[in-house]
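K.L.:
From first to last, the protein sequence lines stand for chains A and B.
Going by the working numbering, 183 is the number at position 183 of the first sequence; the sequence numbering is gapless.
Going by the working numbering, 134 is the number at position 134 of the second sequence; the sequence numbering is gapless.
These are computed hints drawn from the structure, not numbers from a lab.
Errors might be hidden in some of the hints.
For chains that are exact copies, the list does not tell them apart, and a pair is met inside one copy or across any two.
To be verified - As a list, the in silico SDA-like pairs of lysine to any residue whose alpha-carbon atoms are at most 25 Å apart: (1) K169 - T209; (2) K155 - S108; (3) K54 - P81; (4) K31 - L216; (5) K54 - A79; (6) K54 - D68; (7) K54 - K169.
Read off the chains here:
2 protein chains.
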Amino acid sequence: MTITLYELTGRDTERPFSPHCWKTVMALAHKGLTYERSAVPFTEVPNVENGIGKTVPVLRDGEHVVSDSFDIALYLDEAYPDRPTLFGGEGGVALSRFIEAWSATQISATIFGALLLDIHSMLEPVDQDYFRRSREARLGKSLEDVVGASPDKVKELANRLDPLRLMLKRQPFIGGDQPLFADYIVFGILQWARICSPIQLLQPDDQVTAWFERCLDLHGGVGRSVAAAA
Amino acid sequence: MTITLYELTGRDTERPFSPHCWKTVMALAHKGLTYERSAVPFTEVPNVENGIGKTVPVLRDGEHVVSDSFDIALYLDEAYPDRPTLFGGEGGVALSRFIEAWSATQISATIFGALLLDIHSMLEPVDQDYFRRSREARLGKSLEDVVGASPDKVKELANRLDPLRLMLKRQPFIGGDQPLFADYIVFGILQWARICSPIQLLQPDDQVTAWFERCLDLHGGVGRSVAAAA
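Chain A on its own, in the form it takes in the complex (with noise of 0.2 Å):
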């Protein structure tokens, strides 16, 4: 049976940079599927497997099609038990939907400013349009506004990650001993900011930054398959 994952790119249909289809992509590489890449640029999300999810990644397995990081995850793991599971049971699912609030409402919002006009200059002409017309719409200002006032925002990042530097210093990984889905939420969204733009969002000597070279070598370096924006 063929996996096929649609991801969001930009011109280059080898830099996929979306944080929630890089959930996806570390998903299945925790459990040790091959699958087959579908690049989607941002004005043809809509017609992905005639339009069930209004966003990417979605994931076709065989007659089964699922739309969003999480809820791939959780199908994944119960389409395939016998596999790493991304979860470790069913706290683990419950605590993984913290873990992704905090991910969106600290990490995420603290730096998605910053990369706005960089995402921008990644995409072709008609996906730019989109994305300048929804993202402003959205922010209700421009572009070049929210990205001059982004270095403010950015520098709260290193205190918002103290809980994860906290913990680091008890267990490597957010799942403990090993991943789980809950450090691919987090690696997401720093994996965006490092494909994306130039950045630099993390200290050398942080325990943050060591921990998010690690999720780089997971899985035969998957996540070192997309190089860093110089």
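Following the hints, put chain B in place on chain A, whose structure we already have.
P.N.:
Coordinates of chain B only, in the frame set by chain A:
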């Protein structure tokens, strides 16, 4: 076999207030275990069970003596596997360490300054001396100065709770449909504030308030067995 919980109290031994001891009270109630409570003032903590821990809670269960609220929860799940789980699997254990670190760095650190003089006023004179001396040495300033600076920190609380608030749109407890130890980790901090101080930390219409009230209702309302500070 008799279970004994050694828990911190002040002058009124019917008003245990330690956040970590409350985590254990909730964990014991969650497991449906009965136990005796042994009140310990600050200056007696080093003498509990021949000084096994530097802190309370300490739990004696027959021949087993365990200190630290997280270790006690792990012990209870291992010793009483047929009773409701506190973690929901290995993933739940690992991710609870993240919740613990989030709670310590984002919630406890934000509100503890506001509580210092309230706690001080609950203690016997000998414990007041110890508390002031040890905390002022740790903080490098007087209790009064820390309390004076606390309103600005407490203002941050609402934002720092954003991850919990967003998660609560999806599920009623951090543990999912039912609470797990992860809920009690955060509950313990807010219960500490509720018992020590009349300060209003949360708005009535906050989803986090609704969650905290649900936690107070759990297990026969054990959390309400001590009234809020007036």
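K.L.:
A separate judgement is required for each hint: does it hold in the structure or not?
P.N.:
We went through each hint and held it up to the structure:
{"no.": "1", "hint": "K169 - T209", "in the structure": "within (13 Å within a copy, 31 Å between copies)"}
{"no.": "2", "hint": "K155 - S108", "in the structure": "both (13 Å within a copy, 22 Å between copies)"}
{"no.": "3", "hint": "K54 - P81", "in the structure": "neither (28 Å within a copy, 43 Å between copies)"}
{"no.": "4", "hint": "K31 - L216", "in the structure": "within (16 Å within a copy, 40 Å between copies)"}
{"no.": "5", "hint": "K54 - A79", "in the structure": "within (23 Å within a copy, 47 Å between copies)"}
{"no.": "6", "hint": "K54 - D68", "in the structure": "within (9 Å within a copy, 46 Å between copies)"}
{"no.": "7", "hint": "K54 - K169", "in the structure": "between (39 Å within a copy, 20 Å between copies)"}
Hint compliance for this structure: hint 3 is the single one not met.
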